[in-house]
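Asker: Chains as they are written, first to last, in numbering that gives the first Met the number 0: chain A, 0 to 425; chain B, 0 to 238.
No wet-lab data here; the hints were simulated from the structure.
The beta-carbon is built from N, C-alpha and C at its ideal position, and this holds for glycine as well.
Any given hint could be a false lead.
[Stated by the list, open to error] Here are the computed distance ranges between Cβ atoms for each label pair:
#1 A:K61 x B:E195: 30 to 38 angstroms
#2 A:K326 x B:E222: 50 to 58 angstroms
#3 A:G62 x B:Q103: 27 to 35 angstroms
[Said to hold, decoys possible] Quick list of in silico lysine-lysine cross-link-like pairs, DSSO-like style, CA-CA up to 30 angstroms:
#4 A:K88 x A:K108
#5 A:K326 x B:K34
#6 A:K337 x A:K259
#7 A:K326 x A:K378
#8 B:K187 x A:K421
#9 A:K61 x B:K190
#10 A:K108 x A:K61
#11 B:K34 x A:K378
#12 B:K133 x B:K190
#13 A:K61 x B:K187
#14 A:K259 x A:K291
#15 A:K259 x B:K34
#16 B:K34 x A:K337
#17 A:K337 x A:K291
#18 A:K61 x B:K34
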Amino acid sequence: MRHLTMTFMTSSWVCAALFWGCIVFAADTVVDEPKRATGMQQAVHGAYLIRVGNCMGCHTTKGGQPFAGGRRLSTSFGIFVTPNITPDKATGIGLWSEEDFWQALHQGKSRDGRLLYPAFPYTEYTKVTRQDANAMFAYLQSLPPVSQSNPTNDIFFPYNFRPLLAIWRALYFKAGVYESDQSHSEDWNRGAYLVQGLGHCNACHSTRNVLGASQNDALTGGQIMGMNWYAPSLSAQLEAGVGDWSIEEIVALLTTGITKRAVASGPMATVIRQSLQYLSQEDVHAMAVYLKSLTENESGNAPGVRFSVMSGSLRRHLDLGGQLYEKYCQTCHGSDGKGAPGIYPALAGNRSVIMKSPVNAIHSVLNGGYPPTTAANPKPYGMPPFQQILRNEEVALVVSYIRNAWGNRASLVTAVDVDRSKGEGY
Amino acid sequence: MLRFILSIFFCITAIANAYGGTPVVVPDTMAERVKACTICHGAEDKAGRDAYYPRIAGKTQGYLFNQLRNFRDARRYYQPMAILLENMSDEYLLEIAQYFSSLQLPYPAPEQIHMQSEEIKLAERLVYSGRQEKNIPACSACHGDNLMGVEPAIPSLLGLSRAYITAQLGGWRNGGIMRSQPSDCMSKIAKQLTDEEVNAIAKWLASQSVSGEPSPSHILLPELAHRCSQNILENGGTK
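Required output: the full structure, derived from the provided sequences and hints.
Answerer: In structure tokens form, the structure reads like this:
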């Protein structure tokens, strides 16, 4: 449907452009015509870029008016409420100029000069070119204005004292458009531009320090703020590094959400549904080339435990989890943990099962979920939520079991870990 | 000799199975795709930890489709459903609604609930006649004479547990099951009901037995359709 809407919008612009062009031509005043056509093309290109940046993901509430903001982002610094970015003059950005928009995206400053909180990922968006920023602005200004005032941020002291952001910026922010690395291919550079800039992958796939700053562009993975999800490292083979994947397989995961050895779940599934599945073949290919090239980071998270011989009591403990596995999981994931490739993921050797952080595995058992519906996978198979059936202790047993069966080795999970994964934020 | 070869073959197969496990065969069916739903809404686990989860088999398609979208888009709030549906397209949700709507499962025996005859009278009056003076229509006026719902988007009221019915009516009385639309017609109706009436209706509905495969009706009075247009429109009540 979204795709359809998108196509429809795109084609209506093209029609409008042609129509306008005809009228202008008929009236024999060709002066404005080239400029106007460029404006339309620019907005169409901007619509695509806005998709790539998944702006709608944050600037829309569930079921709300697109781009009218109001979504609450809960962080350890308080709750940020995303603003309305439709061209409404009173409640949106209807009074903004191209320059104002550039200042926000590139410098992290609002129209009135106020410093923006980095919950808006200008730390990444600063890499976007002026040309792309202008196109994005043209698209946003072409949207129907929505009059919607959103609640104000609810940020804790002392973070609510905005001038402190100047210090934060001095420490962690450097404005600057992406600069091509001549030692790499054009494809690689395009991928890097998208991943580091507009795609703002680093906003989730990195560890944030106590002041909420992502430490580098290395995509080394981290707990997602305000969510019970861990965004795995994209530069470690032990987590979600794709150095040994083929480009086709990386492309497939990014656009369909499922491959023979991996399934996107949680926030990543949402990113694929809202954004990545609409990327052009060239762009997603470029991203794959870049992601594949990220070298393994040796200091990345390694599985928490390494033991070759299990004690008798440990074996008995895991056997309890094994019994639960047999009862609830085996029909889909198989007695050998190999699953049904492309449908039900294998658990044997599955990196998201054996990662140091067990939160994603716990989350999946508790809440279940479906991969995103995409053009290539319109009717996905799903995982049931077991929260309603299993107690915390049982979830801990079964997750401990899958982390240590079929040659998997990872730390055990306790009922306390499971309990911590419940509640707010999903 | 042949016997020997065969027995060796079977031995090898058995060993291979013991070590390699049996491969998972996944049927290409809707039943397989909605296993995540039937773990709570299905027959097997319903008697499990609680009997709260409502029957969805045989409910009108439009009703199911609207509810699926309401859960996904946070108009009706229940986190486990919201998580499951988060990344599903309208097309797929419609297919899921079609599947459950056409699914015919036998109705379980009704709950055994003791009711005083006064209470039964009260419930029956509300269900079949309503209360004009408080602008409460009869349940049957919208949900069908047999209370099995009305096509395309009004749900059946039978085959649900007392806990579920009470919780829904309670939700509506406290400002609406549907977030951000507190004034839908069921909310207005439920707010007119007393505690006593809510209890009587929930007990009575949960204790009705359903036999055979009764189907939803197709008749709805225009004024009631208008009153509840927000709930029964194809767009699920969005603006």
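Asker: Would you check the hint for K108 of chain A and K61 of chain A, treating anything up to 30 angstroms between C-alpha atoms as holding?
Answerer: holds, 27 angstroms
Asker: Need the status of pair K326 of chain A, K378 of chain A: alpha-carbon distance at most 30 angstroms?
Answerer: holds, 26 angstroms
Asker: In this structure, is the beta-carbon distance linking K61 of chain A and E195 of chain B contained in 30 to 38 angstroms?
Answerer: Since K61 of chain A and E195 of chain B have Cβ atoms about 37 angstroms apart, the given range 30 to 38 angstroms holds.
Asker: Straight-line Cα separation of K61 of chain A and K34 of chain B no greater than 30 angstroms?
Answerer: holds, 25 angstroms
Asker: Are K34 of chain B and K337 of chain A close enough, with their CA atoms no more than 30 angstroms apart?
Answerer: holds, 19 angstroms
Asker: Mind checking the alpha carbons of K259 of chain A and K34 of chain B for me, to see if they're no more than 30 angstroms apart?
Answerer: The hint holds at about 21 angstroms.
Asker: Please work out if K259 of chain A and K291 of chain A have their alpha carbons no farther apart than 30 angstroms.
Answerer: holds, 17 angstroms
Asker: Within 50 to 58 angstroms or not, the Cβ separation of K326 of chain A and E222 of chain B?
Answerer: holds, 53 angstroms
Asker: Just to be careful, I want the Cα atoms of K88 of chain A and K108 of chain A compared with a cutoff of 30 angstroms; is the pair within it?
Answerer: holds, 19 angstroms
Asker: Is the hinted pair K337 of chain A and K259 of chain A satisfied, with a Cα-Cα distance of at most 30 angstroms?
Answerer: Holds, at about 11 angstroms.
Asker: Check whether the Cα positions of K34 of chain B and K378 of chain A lie no farther apart than 30 angstroms.
Answerer: Holds, at about 13 angstroms.
Asker: Check the hint pairing K326 of chain A with K34 of chain B against an upper bound of 30 angstroms on the C-alpha distance.
Answerer: Since the Cα atoms of K326 of chain A and K34 of chain B sit roughly 15 angstroms apart, the hinted pair holds (cutoff 30 angstroms).
When the structure is compared with the earlier hints, a violation turns up for hint 8 alone.
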